[in-house]
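Participant: Same order as they appear, the protein sequences are chains A and B.
The first sequence: position 72 = 72 (the numbering used here), numbered continuously.
Every number in the numbering used here is 258 more than the matching position in the second sequence, counting from 1.
No wet-lab data here; the hints were simulated from the structure.
Hints are supplied without guarantee of correctness; some may be wrong.
Calculated cross-link-like contacts (lysine-lysine; reagent style BS3-like; alpha-carbon spacing at most 30 Å) [unchecked claim]:
#1 B:K431 - A:K89
#2 A:K108 - B:K487
#3 A:K108 - B:K406
Derived, one-sided and incomplete: chain B residues facing chain A with beta-carbon distance under 8 Å [claimed, not checked]:
#4 D297
#5 S428
#6 Q429
#7 I440
#8 T481
FRET-style restraints, in silico, Cβ to Cβ [what the hints assert, rightly or not]:
#9 A:G10 - B:P364: 46 to 56 Å
#10 A:V93 - B:Q358: 38 to 48 Å
#11 B:S278 - A:A182: 51 to 61 Å
#12 A:K73 - B:G398: 35 to 45 Å
#13 A:L179 - B:T314: 46 to 56 Å
#14 B:D416 - A:K91: 23 to 33 Å
#15 A:K91 - B:S278: 51 to 61 Å
#16 B:S278 - A:P211: 15 to 25 Å
#17 A:Q235 - B:D399: 21 to 31 Å
Since the model is a prediction, treat every value here as computed from it, not as a measurement.
Cβ coordinates follow ideal geometry from the N, Cα and C atoms, glycine included.
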Amino acid sequence: MAKLILSMDGLVLKEIALTKERTTIGRKPHNDIQIDNLAVSGEHAVIVTILQDSFLEDLGSTNGTVVNGQPIKKHFLQNNDIVELGKYKLKYVNEAPAGQAKAADFEKTMVLRPGSVKAAAPVPAAAPAAAPAATSAAAPAAAVSAKNFSDTVAGQSSTGAPVAPSKPAAVPQGALQLLSGANAGKELDLTKPLTTLGKPGVQVAVITRRPQGFFITHVEGASFPVLNGKALDAQAHSLNDHDVIELAGIKMEFFLKT
Amino acid sequence: MTLSGALEVASCTDPGMVRSHNEDSIASDGDQGLVVLADGMGGYNAGEVASGMATTVIITELQHLLEKRAPYEIDAQSGQLVAHKLLHEQIAKANTSIYQAAQSQPQYAGMGTTLVVALFYDNKMTVAHIGDSRLYRLRGDEFQQVTKDHSLLQEQIDSGVITPQQARQSQNKNLVTRALGIDPTVEAEIHDYDTQPGDIYLLCSDGLCDMVSDDDIGLALHTLSSNLKLCAQHLVQTANDNGGRDNVSVILVRVLRDHPAPRSIVGKMMSWFK
Numbered sequence: 001m002a003k004l005i006l007s008m009d010g011l012v013l014k015e016i017a018l019t020k021e022r023t024t025i026g027r028k029p030h031n032d033i034q035i036d037n038l039a040v041s042g043e044h045a046v047i048v049t050i051l052q053d054s055f056l057e058d059l060g061s062t063n064g065t066v067v068n069g070q071p072i073k074k075h076f077l078q079n080n081d082i083v084e085l086g087k088y089k090l091k092y093v094n095e096a097p098a099g100q101a102k103a104a105d106f107e108k109t110m111v112l113r114p115g116s117v118k119a120a121a122p123v124p125a126a127a128p129a130a131a132p133a134a135t136s137a138a139a140p141a142a143a144v145s146a147k148n149f150s151d152t153v154a155g156q157s158s159t160g161a162p163v164a165p166s167k168p169a170a171v172p173q174g175a176l177q178l179l180s181g182a183n184a185g186k187e188l189d190l191t192k193p194l195t196t197l198g199k200p201g202v203q204v205a206v207i208t209r210r211p212q213g214f215f216i217t218h219v220e221g222a223s224f225p226v227l228n229g230k231a232l233d234a235q236a237h238s239l240n241d242h243d244v245i246e247l248a249g250i251k252m253e254f255f256l257k258t
Numbered sequence: 259m260t261l262s263g264a265l266e267v268a269s270c271t272d273p274g275m276v277r278s279h280n281e282d283s284i285a286s287d288g289d290q291g292l293v294v295l296a297d298g299m300g301g302y303n304a305g306e307v308a309s310g311m312a313t314t315v316i317i318t319e320l321q322h323l324l325e326k327r328a329p330y331e332i333d334a335q336s337g338q339l340v341a342h343k344l345l346h347e348q349i350a351k352a353n354t355s356i357y358q359a360a361q362s363q364p365q366y367a368g369m370g371t372t373l374v375v376a377l378f379y380d381n382k383m384t385v386a387h388i389g390d391s392r393l394y395r396l397r398g399d400e401f402q403q404v405t406k407d408h409s410l411l412q413e414q415i416d417s418g419v420i421t422p423q424q425a426r427q428s429q430n431k432n433l434v435t436r437a438l439g440i441d442p443t444v445e446a447e448i449h450d451y452d453t454q455p456g457d458i459y460l461l462c463s464d465g466l467c468d469m470v471s472d473d474d475i476g477l478a479l480h481t482l483s484s485n486l487k488l489c490a491q492h493l494v495q496t497a498n499d500n501g502g503r504d505n506v507s508v509i510l511v512r513v514l515r516d517h518p519a520p521r522s523i524v525g526k527m528m529s530w531f532k
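Go ahead and model the full structure; you've got the sequences and the hints to work with.
Facilitator: Have a look at this one:
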């Protein structure tokens, strides 16, 4: 369950659990979180909570609502966000359940049946006033990335969306240096999760970059790539520093970058 | 009717890095142009039971029925395309089987499953889906999600509450608004799409798209398109490398050639002799 920690000048005043669908913040006494300070408007802001997600919305307050230093109209709260209202600070805490077993259990797919969760139904009604402003700029279409990736560096292109929270931090860096052929001496950084080598239709191998290191796998063609003088089979093989790969008549050396 | 040689199918399924059970279930019949993927839910092994029932009922019944009726014909009684009629009926049948099992056996109470089915015929594909298992298409350089999840997040995106980018951060993942076997009846979303030779279709459970970004999935399909089996294994491996918090299943289908329906008498004769 998400909560807010109200503090002023580093002094914690209270904790508020976000149990209600709408939690109002303001100077007037009828608010769920009353902050009796002249910098705070009578009805200053509201937090709409939908199951595990909470959205903060400024209600046209005089002095505005600031999240992590940025003034906002509507904001999708993330764990450890700091909401500032005048001299007061509200820290939003919404920690994912701790422990692997518990987390796995929690993540199990569940069916949300109409009427079973009251909070879900009023969502569209509660939010549309501020929603268009918040969404139109960021998402012209709901369709997910129809991206032309002819030669974008996928390793970088995908960083915008932190999909996997548990993605290992240290991904190894590696490169290939061509030892023969027209481009001998040329270096190729292996920055993508997948890099193909060879000639399509003749012989192709792929180098995959994984948390455990680099691996080479045969993709197509009658002959298999040769690693340090030995022909590979259809399995993936891990690459070690200074391994020599022969593929489609070209020799190249793999090396790790530190 | 057979599509033999028109489609190449490769698949891979894995329990992932955290779960002990694989509650996903996949089935395919390339000659009939039929692929089915289901992601079960429910306590103990009930999820596996639900997804297994869904894929088994749908694939075996449809295999049988497609021997007798061509999916591109129009059903005389209902005026529907036979493909739609058959999918509707068999999904309803699978739903009833799962629902009744869940009602009658306490250990299966509350079980259900998502579903995505694709049926290829006549240079077309009919896709039926329920829940958050997806179908994507790679055509040329363009990689696109074809199905739209039946999930709380998708509804929030549609109503403008959150953006697709924000949806990635949401804690409300895994909440589907439709599933097979939960209620006495269920409405599958069914659409038709044209197919082209060279298209690659990906059916996957949320264990893939929650762990691997669409860009990385598209890159894998694009780079490894010449070896579908390797591509399927690579996608599962990437999901596991990223944490593998859920079961991961993928089915890849490549359209190898045109497969128009043999409509004329001569065409039908030819197809018999093939």
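Participant: Looking back at the hints listed earlier, which ones does the structure fail to meet?
Facilitator: Checked against the structure, the only hint that fails is number 15, while the rest are satisfied.
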